[in-house]
Every structure is written in structure tokens, then in C-alpha cells.
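Going down the list, the sequences are from chains H and P. Reminder that position 46 of the first sequence reads as 45 in numbering that gives the first Met the number 0, one-by-one numbering, no gaps. Reminder that position 12 of the second sequence reads as 11 in numbering that gives the first Met the number 0, one-by-one numbering, no gaps.
Calculated from the structure, these hints are not laboratory results. By construction, the Cβ of each residue, glycine as well, lies at the ideal position given by its N, Cα and C atoms. Any given hint could turn out to be false.
Claimed, not checked - What follows is a list of derived Cβ distance ranges for each label pair:
1. P/TRP21 with H/ARG115: 46 to 54 Å
2. H/THR79 with P/ALA7: 36 to 44 Å
3. H/PHE133 with P/ALA173: 53 to 61 Å
4. P/GLN4 with H/PRO221: 46 to 54 Å
5. P/LEU3 with H/ARG63: 47 to 55 Å
6. H/ILE68 with P/ALA7: 48 to 56 Å
7. H/THR79 with P/LEU270: 27 to 35 Å
8. H/ALA111 with P/ARG19: 23 to 31 Å
9. P/VAL15 with H/THR79: 47 to 55 Å
10. P/LEU270 with H/LYS72: 41 to 49 Å
11. P/LEU3 with H/GLY13: 49 to 57 Å
12. P/ALA171 with H/LYS72: 27 to 35 Å
13. H/LYS72 with P/GLN4: 18 to 26 Å
14. P/TRP21 with H/LYS72: 51 to 59 Å
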Amino acid sequence: MIQFFGVSKRYPTGQVALDEVSFSIGKGDFCFLTGSSGAGKTTLLRLIFREETPSAGQIVVNGRNVAAIPRGKIPFLRRTIGVVFQDFRLIDRKTLFENVAFLPRILGADPARQRRLAYEALRRVGLAHRMSAFPRQLSGGEQQRVAIARALVNEPDILIADEPTGNLDPDLAREIVRLFLDIHRRGTTVLFATHDRELIRRVGHRVLVLARGRLEEDRRLPVGSDEESAIVVDGTE
Amino acid sequence: MSFLQALAYFFREACVGLVRSWRVSLLAVFTIGVSLFLAGGFLLTSRNLSRAITAWKDEARFVVYLSEKAGAEERSAIEKALSGAPWTRDVRFVSPQEGAARFRSAFPPLAELVDDARYGSLPPTYEARVRQLASSETEAYARWAAALAELPAVETLDDDRAWIEDVETLLAFARAVGSILTAVLLGAAVFTIAAVVRLTSFLYRDEIAIMRLVGATEFFIRGPFYCEGILQGLAGAALAWGALHGMHVALAPQFEGSLVLGVILRDFLTLREAAGLAAIGAAAGLGGALVSLGRERAASESP
Numbered sequence: 000m001i002q003f004f005g006v007s008k009r010y011p012t013g014q015v016a017l018d019e020v021s022f023s024i025g026k027g028d029f030c031f032l033t034g035s036s037g038a039g040k041t042t043l044l045r046l047i048f049r050e051e052t053p054s055a056g057q058i059v060v061n062g063r064n065v066a067a068i069p070r071g072k073i074p075f076l077r078r079t080i081g082v083v084f085q086d087f088r089l090i091d092r093k094t095l096f097e098n099v100a101f102l103p104r105i106l107g108a109d110p111a112r113q114r115r116l117a118y119e120a121l122r123r124v125g126l127a128h129r130m131s132a133f134p135r136q137l138s139g140g141e142q143q144r145v146a147i148a149r150a151l152v153n154e155p156d157i158l159i160a161d162e163p164t165g166n167l168d169p170d171l172a173r174e175i176v177r178l179f180l181d182i183h184r185r186g187t188t189v190l191f192a193t194h195d196r197e198l199i200r201r202v203g204h205r206v207l208v209l210a211r212g213r214l215e216e217d218r219r220l221p222v223g224s225d226e227e228s229a230i231v232v233d234g235t236e
Numbered sequence: 000m001s002f003l004q005a006l007a008y009f010f011r012e013a014c015v016g017l018v019r020s021w022r023v024s025l026l027a028v029f030t031i032g033v034s035l036f037l038a039g040g041f042l043l044t045s046r047n048l049s050r051a052i053t054a055w056k057d058e059a060r061f062v063v064y065l066s067e068k069a070g071a072e073e074r075s076a077i078e079k080a081l082s083g084a085p086w087t088r089d090v091r092f093v094s095p096q097e098g099a100a101r102f103r104s105a106f107p108p109l110a111e112l113v114d115d116a117r118y119g120s121l122p123p124t125y126e127a128r129v130r131q132l133a134s135s136e137t138e139a140y141a142r143w144a145a146a147l148a149e150l151p152a153v154e155t156l157d158d159d160r161a162w163i164e165d166v167e168t169l170l171a172f173a174r175a176v177g178s179i180l181t182a183v184l185l186g187a188a189v190f191t192i193a194a195v196v197r198l199t200s201f202l203y204r205d206e207i208a209i210m211r212l213v214g215a216t217e218f219f220i221r222g223p224f225y226c227e228g229i230l231q232g233l234a235g236a237a238l239a240w241g242a243l244h245g246m247h248v249a250l251a252p253q254f255e256g257s258l259v260l261g262v263i264l265r266d267f268l269t270l271r272e273a274a275g276l277a278a279i280g281a282a283a284g285l286g287g288a289l290v291s292l293g294r295e296r297a298a299s300e301s302p
């Protein structure tokens with residue numbers, strides 16, 4: 000589903016963000032991407048949805064060489080990938096419904112279908128009752144759930160998250176992780192970037208570790224390696 | 000999304016953008032309004048003057064003033080020369096008595112002048128109407144007129160075409176100046192609209208980035224900004240049309256009898272001309288948006 004073949008990324012300033020990174024994430028996998036700040040996590044994610052292009056190597060997403068996709072076709076790639084950011088990136092002047100229904104709308108869904116899809120996505124994150132609220136009226140955890148709903152609304156094959164719990168307190172972070180695990184259980188491939196090693200240890204699954212742009216480690220942790228992670232994975236308290 | 004749905008979305012978002020930055024939007028509308036007011040004013044003037052010139056050309060008179068010593072034979076030769084020319088019609092002899100009667104009728108306060116023995120009688124004349132000449136005929140016409148002037152029985156010639164040509168030259172010059180001035184002002188309007196659209200796109204830069212990330216096409220992202228530019232251009236055109244119309248309604252009746260202003264203000268812009276102004280306004284607005292978003296795209300793609 001996501002394959003990196005000797006991918007490097009050098010910026011014009013000479014800074015090396017990624018250096019000869021290779022890995023493969025299969026369909027339906029749940030994978031953490033970790034590393035300290037500046038390790039290259041965000042760059043790696045940005046390469047997947049063609050926000051950036053590699054300086055060397057190849058990236059294959061859903062069987063397509065991402066770097067070779069013509070500029071005009073990039074939106075079509077992005078519609079198959081849901082992206083969630085640390086800072087939520089919601090449109091403040093639009094309601095939750097409008098934020099979430101944006102993608103169905105540009106894909107030509109009629110208003111009734113837009114409403115149904117947005118309702119479904121918001122229901123999955125527990126915010127269906129606040130469809131007409133504005134992002135600023137919500138807490139950080141709620142805003143992140145809206146961002147997840149927006150990423151899910153088109154039922155993407157891949158869900159990418161860049162430090163989605165970075166701005167949240169531990170309880171809210173656990174809630175968000177639970178959502179991602181639930182999404183993964185429904186068959187979506189999830190790549191979850193975080194520098195929170197404790198969170199990774201609790202949840203388990205596969206972990207890619209980046210350090211100074213190089214892939215240092217690619218290993219699989221036992222699912223729910225402690226009691227708390229089991230609670231998270233099971234979705235029960 | 001169907002094209003009509005997309006247009007409705009663009010329009011709605013453009014209106015939101017215009018309201019959000021209404022002060023600079025007003026400035027853009029005003030700038031383009033001034034440019035189009037000037038363009039419309041020049042169009043009105045030149046079109047009405049052109050019509051008047053065409054009418055004057057159709058009625059252009061060619062008058063031959065005869066000398067006192069001109070005999071019957073010489074008069075006959077002049078009449079033959081006038082009647083035989085391919086560009087003249089309605090050749091007729093005007094006696095001094097008829098000339099005096101015309102003068103009295105045209106200038107009643109000066110009627111006594113023609114009866115004053117100190118000034119003598121008016122000279123007899125031949126009058127003819129000259130049709131519009133093809134460009135290939137102008138040289139032959141000039142030679143013909145010069146030969147006529149050389150005849151001993153001819154005192155002088157009065158050709159309306161001469162001053163009409165002067166007016167035409169003046170009109171062509173005014174048109175050129177007007178076109179240049181309008182182009183400069185339209186350029187300023189495009190620049191202003193580009194700045195306004197750029198400001199709006201700057202206000203929305205986060206939203207634009209989000210739209211790109213979720214897979215919106217450039218057409219969908221830029222559409223509202225193109226629409227915003229077009230709306231500003233159309234509003235400017237409407238402002239210009241309104242100002243021109245108001246001016247025409249206010250001034251035309253007052254200057255109806257005036258030789259110059261009466262002619263210039265005779266007819267207002269036709270629907271087609273008004274549509275042309277609106278199209279220029281919309282094109283200027285779209286041009287401004289294209290310039291602005293071209294820069295925005297280049298900036299967003301730079302590393």
C-alpha cells in the first residue's frame with residue numbers, strides 16, 4: 000500500500016531530511032512512525048501525499064509512483080489519503096458539517112449525500128450532535144475528532160496522522176488513539192506519527208523509528224503490551 | 000460537482016470574500032469604475048461625433064463664389080465642370096438676391112448689412128453637394144477642386160469637406176489619447192484588483208492549504224477568486240454606466256442646441272456598448288485575479 004525505495008530528501012539549503020529510507024506498509028496495517036523532533040517524520044508523511052517530492056528514490060502509494068503523478072492529478076491521489084494534523088487545520092469560518100462535507104462536496108455529491116456522509120463521519124467520532132457548531136466552540140480533543148471525521152468522510156484507503164495527539168492531554172490523546180484503532184479495525188491502513196514512545200509501548204503494533212533522517216528501526220511490538228493499551232485497543236475503560 | 004453547482008459555490012464564496020475585505024474591494028471597484036467611466040465617456044463622444052461627421056459629410060457643400068466680371072460663357076463652363084464631376088449632385092446657381100434673402104433669414108440681427116450699399120452686393124455662387132469620397136478618389140477630387148479654383152471667373156471656393164476633415168483628424172487624435180488614457184487606467188485597475196485578490200487569498204491562505212491537502216483541484220480553489228475579480232469588474236462597470244447615465248440625463252437637455260456638446264451628448268450608450276463596458280470590466284477583474292493567483296501559486300510552490 001505504501002512503499003519507500005531508497006528515498007532521500009535534501010532541501011536546497013543542504014539539510015538532509017531523509018536519507019535512503021526504505022520500507023513497506025501493507026494494506027490494513029497499523030504502523031507508528033516515531034523519532035525525535037527533526038528526525039524526518041513530517042517530511043516522510045508529506046512525501047506520501049505529494050506535498051513534497053523526493054530528491055532520490057521512489058515512493059509507491061496504492062501502486063502508483065507518487066513522484067511521477069502529474070501536477071493536475073495530485074488532488075486525485077490526496078482524495079484516497081486521509082490526513083490528520085497536530086494543529087487540526089479546520090476552517091474556522093465553516094461549521095463542523097461544512098468542514099467535514101467539503102470533500103464530498105467537491106467530489107460532486109448532492110446536498111443530501113453530503114449531509115449523510117458528514118453525519119456518518121461525525122457520528123463515528125461522537126460529534127454528530129454538534130454539526131452546526133464552529134471549530135472555535137470546541138475543545139482541542141473535539142477539534143481533533145472533527146479533523147479525523149474530515150479525513151474519514153471519503154473512506155480513504157490510507158489514513159495518515161502527524162502527531163495528532165501532540166496538543167492534547169493524556170486522556171484526550173487516549174481517546175484519539177482509540178478512534179484510530181477503531182478506524183484500523185475497519186480495514187483502513189493507518190500511519191501514525193508520534194514522538195510519544197509511551198503511547199507506542201501501550202498500543203503496540205508496528206513501529207518505524209527515524210533518527211536524523213535514517214530509518215533506524217522497523218519492528219513489531221506485541222499488541223497492547225501493557226494493561227492500559229489493552230483498554231485502548233478494546234475500546235473499554 | 001456539476002459546473003452550475005461549482006459556479007454557485009464560486010459566487011457564494013466570492014461574495015463572502017468581498018464582504019470580508021470590503022474596504023479594499025470598494026477601492027478596486029472605484030478604480031475600475033473611474034477607468035470605465037473614462038472609457039465610456041470617450042466611446043460616447045467619439046461615437047456621437049462620428050455619427051455627426053457622417054451626417055455632415057452627406058450634407059457637405061461645395062460653393063463656388065464667382066467674380067463680378069464672370070460672363071455667361073464662363074458661368075456656363077463652371078456649371079458644366081460642377082455637373083460633370085462624378086462626386087457632385089444638386090448643382091444650382093444662387094443669385095446675389097437669393098443669397099441676400101438667405102442671409103437675412105439665417106442672421107436676422109445682421110440683415111441690414113446686406114442692404115448697406117457700402118458693403119456692396121453678395122457675389123453670385125454655384126452650390127453643389129459632394130457625396131462621400133472613396134479613398135481612391137480623394138487625389139482626383141483635390142486636383143479637380145484646384146483646377147476649378149484656377150478659373151478666372153472663380154473668386155474663391157468654399158469646401159465643407161476641408162473643415163470636416165479637420166474635425167475628423169481632431170477626433171482621431173482624441174480617440175488615440177482616450178485609448179491610451181483608458182488603457183493606463185485599466186492597467187491601474189487590473190493592478191488594484193490583483194492586489195485585492197491577493198489580499199483575499201492571503202486572508203484565506205490557511206484554507207487554501209487545507210483545500211489542497213484534502214484534494215481540491217486548482218480550478219475549485221481558484222474559482223472563487225476569479226469570480227471575485229469578475230464581480231469587482233462588473234460592479235465597476237455598473238458604477239461607470241450609472242455615472243455616465245446620470246451625467247447624460249442631467250446635461251443632454253441643457254445642451255441640446257449646442258453645436259459641440261449637443262452633438263457629443265446626443266445619444267447615450269447602446270445596450271451593446273454597455274455590455275462591452277461590462278465585458279471589459281469583467282475581463283480586467285479576471286485579469287487581476289489571474290495575475291494575483293499566478294503569483295500565489297508560484298509562491299506556494301517555491302521550496
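Hint check:
| no. | hint | verdict |
| --- | --- | --- |
| 1 | P/TRP21 with H/ARG115: 46 to 54 Å | violated, 36 Å |
| 2 | H/THR79 with P/ALA7: 36 to 44 Å | violated, 27 Å |
| 3 | H/PHE133 with P/ALA173: 53 to 61 Å | holds, 57 Å |
| 4 | P/GLN4 with H/PRO221: 46 to 54 Å | holds, 50 Å |
| 5 | P/LEU3 with H/ARG63: 47 to 55 Å | violated, 32 Å |
| 6 | H/ILE68 with P/ALA7: 48 to 56 Å | violated, 30 Å |
| 7 | H/THR79 with P/LEU270: 27 to 35 Å | violated, 50 Å |
| 8 | H/ALA111 with P/ARG19: 23 to 31 Å | holds, 29 Å |
| 9 | P/VAL15 with H/THR79: 47 to 55 Å | violated, 30 Å |
| 10 | P/LEU270 with H/LYS72: 41 to 49 Å | holds, 44 Å |
| 11 | P/LEU3 with H/GLY13: 49 to 57 Å | holds, 50 Å |
| 12 | P/ALA171 with H/LYS72: 27 to 35 Å | violated, 53 Å |
| 13 | H/LYS72 with P/GLN4: 18 to 26 Å | holds, 22 Å |
| 14 | P/TRP21 with H/LYS72: 51 to 59 Å | violated, 37 Å |
In this structure, the earlier hints numbered 1, 2, 5, 6, 7, 9, 12 and 14 are contradicted, and the remaining ones agree with it.
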